[in-house]
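There are 2 protein chains.
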Amino acid sequence: MQFHAAYCSYLERNNTKMKALYQAIRDAIHEGQILYGEKLPSTRELAAAYHISRGVVNQVYDMLTSQGYLLSQHGKGTFVAYQIDLSNEEFIAEPAVRHLSGWGQRIRQLGQPATRDMVTPGDALKQSGAVIDFSRYQPDLSKFPYEEWNNRLYAEVRNREPDLNAASASVSSLGDPKLREAIAAYLRRMRGIQADAEHIAVTAGSMQAIALLTQLLAGPGDLVVTESPSYVGIAQAIQAAGAGLVEANLDGQGLVPQDWQARLLFVTPSRQFPTGEMLSLERRQTLLEWAHRQDAMIVEDDYDSEFRYRGMHVEPLKTLDKEGRVIYLGSFTKTLPVEVRLGYVVLPPALADTFRKAQALYEPRPVNLLEQRALAAFMASGQYERHLRRMNRFYSRKFLVLIQLLNQELASWFEWVDNDAGLHVFGWWQGDASAFADFRRAARSEGVLYSEVSSSAAPSTKYGIYLSFAHLSESELQEGVMRLKKAVTTGFKSC
Amino acid sequence: MQFHAAYCSYLERNNTKMKALYQAIRDAIHEGQILYGEKLPSTRELAAAYHISRGVVNQVYDMLTSQGYLLSQHGKGTFVAYQIDLSNEEFIAEPAVRHLSGWGQRIRQLGQPATRDMVTPGDALKQSGAVIDFSRYQPDLSKFPYEEWNNRLYAEVRNREPDLNAASASVSSLGDPKLREAIAAYLRRMRGIQADAEHIAVTAGSMQAIALLTQLLAGPGDLVVTESPSYVGIAQAIQAAGAGLVEANLDGQGLVPQDWQARLLFVTPSRQFPTGEMLSLERRQTLLEWAHRQDAMIVEDDYDSEFRYRGMHVEPLKTLDKEGRVIYLGSFTKTLPVEVRLGYVVLPPALADTFRKAQALYEPRPVNLLEQRALAAFMASGQYERHLRRMNRFYSRKFLVLIQLLNQELASWFEWVDNDAGLHVFGWWQGDASAFADFRRAARSEGVLYSEVSSSAAPSTKYGIYLSFAHLSESELQEGVMRLKKAVTTGFKSC
Chain A
1 MQFHAAYCSY LERNNTKMKA LYQAIRDAIH EGQILYGEKL PSTRELAAAY HISRGVVNQV
61 YDMLTSQGYL LSQHGKGTFV AYQIDLSNEE FIAEPAVRHL SGWGQRIRQL GQPATRDMVT
121 PGDALKQSGA VIDFSRYQPD LSKFPYEEWN NRLYAEVRNR EPDLNAASAS VSSLGDPKLR
181 EAIAAYLRRM RGIQADAEHI AVTAGSMQAI ALLTQLLAGP GDLVVTESPS YVGIAQAIQA
241 AGAGLVEANL DGQGLVPQDW QARLLFVTPS RQFPTGEMLS LERRQTLLEW AHRQDAMIVE
301 DDYDSEFRYR GMHVEPLKTL DKEGRVIYLG SFTKTLPVEV RLGYVVLPPA LADTFRKAQA
361 LYEPRPVNLL EQRALAAFMA SGQYERHLRR MNRFYSRKFL VLIQLLNQEL ASWFEWVDND
421 AGLHVFGWWQ GDASAFADFR RAARSEGVLY SEVSSSAAPS TKYGIYLSFA HLSESELQEG
481 VMRLKKAVTT GFKSC
Chain B
1 MQFHAAYCSY LERNNTKMKA LYQAIRDAIH EGQILYGEKL PSTRELAAAY HISRGVVNQV
61 YDMLTSQGYL LSQHGKGTFV AYQIDLSNEE FIAEPAVRHL SGWGQRIRQL GQPATRDMVT
121 PGDALKQSGA VIDFSRYQPD LSKFPYEEWN NRLYAEVRNR EPDLNAASAS VSSLGDPKLR
181 EAIAAYLRRM RGIQADAEHI AVTAGSMQAI ALLTQLLAGP GDLVVTESPS YVGIAQAIQA
241 AGAGLVEANL DGQGLVPQDW QARLLFVTPS RQFPTGEMLS LERRQTLLEW AHRQDAMIVE
301 DDYDSEFRYR GMHVEPLKTL DKEGRVIYLG SFTKTLPVEV RLGYVVLPPA LADTFRKAQA
361 LYEPRPVNLL EQRALAAFMA SGQYERHLRR MNRFYSRKFL VLIQLLNQEL ASWFEWVDND
421 AGLHVFGWWQ GDASAFADFR RAARSEGVLY SEVSSSAAPS TKYGIYLSFA HLSESELQEG
481 VMRLKKAVTT GFKSC
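Chains A and B, in that order, give the protein sequences.
So the first sequence is numbered by the working numbering: it starts at 1 and just counts up by one.
So the second sequence is numbered by the working numbering: it starts at 1 and just counts up by one.
With the rest of the complex left out, here is chain A (with noise of 0.2 Å):
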């Protein structure tokens, strides 16, 4: 809860629980931390986190919605009521900004930046020096061919006179040709996919691929799908755009498709992010049939398709689509040294020169050129094929430690889900928000970080938690499992 921190800390200050939760809850609305329009949880969910009675929530709710702060909707639950002023005092001592254009607006109300291996916020973290993080996305980086890599970049940087210079100058902001051609290849031998090089862009992280589809594709008055749950920074991509979000349902066996108004939808098909979960084929060609009767657009964001233990490799839904609707993401961000951030996308021909506009309109040139042709150098050697093989039988075995470890040790706590390839292992949390808040408190203080999720589709809010291990060494995850299991076992009882 976005009040949690603020709540202990008012209570430490001896105020008494009723007047610390009323307090924590107002200071989260006046921060932006939840934002108008946003559920509450019930007070019976607030009641047994907090070992408070449900009439004290009750007052504390009765309190804010008297005051303006929250409106309850019979039968629905208790919803933030009050919209931050940006004519506030912050603003005062600068009235040159007051005037954001809506989309301005939309960006100033937005989160923390978006990236997948957000680190859950640490202040409570006693154990900082012998921390388990299985809340870093990082490619284990000593099995990389740094030398190799290097090679190539150097031999770049002793050729950039004249050939980069002119390169640089005349290269379009879609990218080096030769990666381009390079990455068609890959596609077409590792995923299936047919695609022309002069239609893939090669792009700064999966991030800018996302966001700007959303905003060519999805602006005020239309909605766009996203899985729930899914990435943050789809849900940020969509609300900077202006577009309304829908949240589709996930079952064991990826997302339940519905025949949504919408334009466009996300979906992580073969590994669905973060649960693992694989859609099916008859759901693939449910939500292509979809897709052509709504006259929508589907992006498949293949986040790590490259990593598979066992069982076959699936298709990319984009091998099924013939219309042109299916805009693929790939990324290398999985693969390659943490600071090289590169992504690329799989644009229909139709809108391929339109994207690239986008693209030049925030920066015309190609970003990143001389890692570009680095990494078109070390495709077109074969080396980089070798490197996934590599790196694929090493992850094999930290992902088969991994997940025998957590169906031993953590079978009762976490349904693990069943999974054969990434680099992430997903569980969903089996008690109830109180218990979960407790292991929560509790990992912090045994000195393991994970990454966490919600999920608020019905009955009732589900958590779950992912482990990403590929950067922790054998005895790390060992020592990162029997932690969580303390968490899970001793439990903290209250703040």
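One should not assume that every hint holds.
Claimed, not checked - Listed next, with one range per pair, are the computed distances between beta-carbon atoms:
1. B:232 <-> A:381: 37 to 47 Å
2. B:109 <-> A:404: 54 to 64 Å
3. A:5 <-> B:454: 56 to 66 Å
4. A:396 <-> B:147: 40 to 50 Å
Said to hold, decoys possible - If you want the footprint, here are the derived chain A segments under chain B, 3+ residues with CB under 8 Å:
5. 230–238
6. 357–369
Hint data in this document are derived by calculation from the structure and do not stem from the laboratory.
It should be emphasised that the depicted structure is a prediction, and the values quoted were computed from it without experimental measurement.
The beta carbon of each residue, even a glycine, is placed where N, CA and C say it ideally should be.
With chain A's structure known, arrange chain B on it following the hints.
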């Protein structure tokens, strides 16, 4: 004129001049080279340019008007009345992309990507081998201290594990903290600007800043002022944001202030782009008072103030700004190798967090982090300023050679703007439109390229050219000016 090449091509196919002109204009409208609402040349201008009678041009305009392509407004001129149909054949093939957001539709209509070194299309260029190219903004890299720079870059590559990985995961999209400190120190010392590193954002070139700031501060219904002529990227950013563009006139002392009902103003006070005019102190004060009255923001684009050959460095407008209304843009693209795409923006504190979120929407991590850190070290060691001083002396010689040649050889054809700084020289064409068209063709045929602007301020369209000289040797400058002279004096009189 956008239909010139087509006109020549129709003529070559043995059409009459009337038929060729009719078909060329119709094609240009169909292909979106002249857009809905755009003004066509007057019949007088067109007749002069093509050496045909005004009666023929009148007949062509009448035909196109009767067919709905054009509309005459008494006393105002002739305008395009035909809107390209978005549901034409290109889209029937791929129905899915019929639905673009409002932003997407505006992006689709944008012209070519904005780069300051836009090359005039070389279709009629004969001597491709030995072209003298004044149209490219490119530093002279023969003097760049590559060894020192590469050492910095390599040092980062060697240090990348684990330092760079950790930094990449934790540095915000605003950029490397050390680079932002180095920029703040540089601005204090060299430009008199007091800015905290926390209010400086590193961008991937100045276009990123222009596009994001426009989008944040102006939307549909807002007006944005820009100089006429100015950098084409500004007009594209305004068009993309859906705001209205107001053109401000220049009169030799920079832009002429008016009481615009606008939200945002783009200005190049140190050296107007591209004319090179310097904005007087009085006008700077007037602009700040205007911004106060209108509660507006001003973006100061200080695109090439690193280079000044005579006289004093001018303090930026930003140094007079007491209210946090001026946003200052700087760039490294004139001083570092072309593929290092780095610029920066000094933000008013109240806007810094919103700008960071806007930047992070498209890319949550800093781009070019390797280059950012290399540059931070390069600046901290003093090497960057030594490089600037050396280049200043070096460019100074080229500048003096060029300005003397132009005043000697081309003074009766162009009015060369008096100038002490920068990497290009600007001149206003002293003849009429027809003679300018002749000059343009003759210059291509002589194998000399330059950049061209037109300003449609009253009483008639003015034409100007600018010559970027940084990358050319003194003998190339000499040869280039001689070719320009040959082009104006011989001229081409027909296709």
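Hint-by-hint comparison with the structure:
{"no.": "1", "hint": "B:232 <-> A:381: 37 to 47 Å", "verdict": "40 Å, holds"}
{"no.": "2", "hint": "B:109 <-> A:404: 54 to 64 Å", "verdict": "57 Å, holds"}
{"no.": "3", "hint": "A:5 <-> B:454: 56 to 66 Å", "verdict": "59 Å, holds"}
{"no.": "4", "hint": "A:396 <-> B:147: 40 to 50 Å", "verdict": "44 Å, holds"}
{"no.": "5", "hint": "230–238", "verdict": "holds (count 3)"}
{"no.": "6", "hint": "357–369", "verdict": "holds (count 11)"}
Checked against the numbered hints given earlier, the structure satisfies every one of them.
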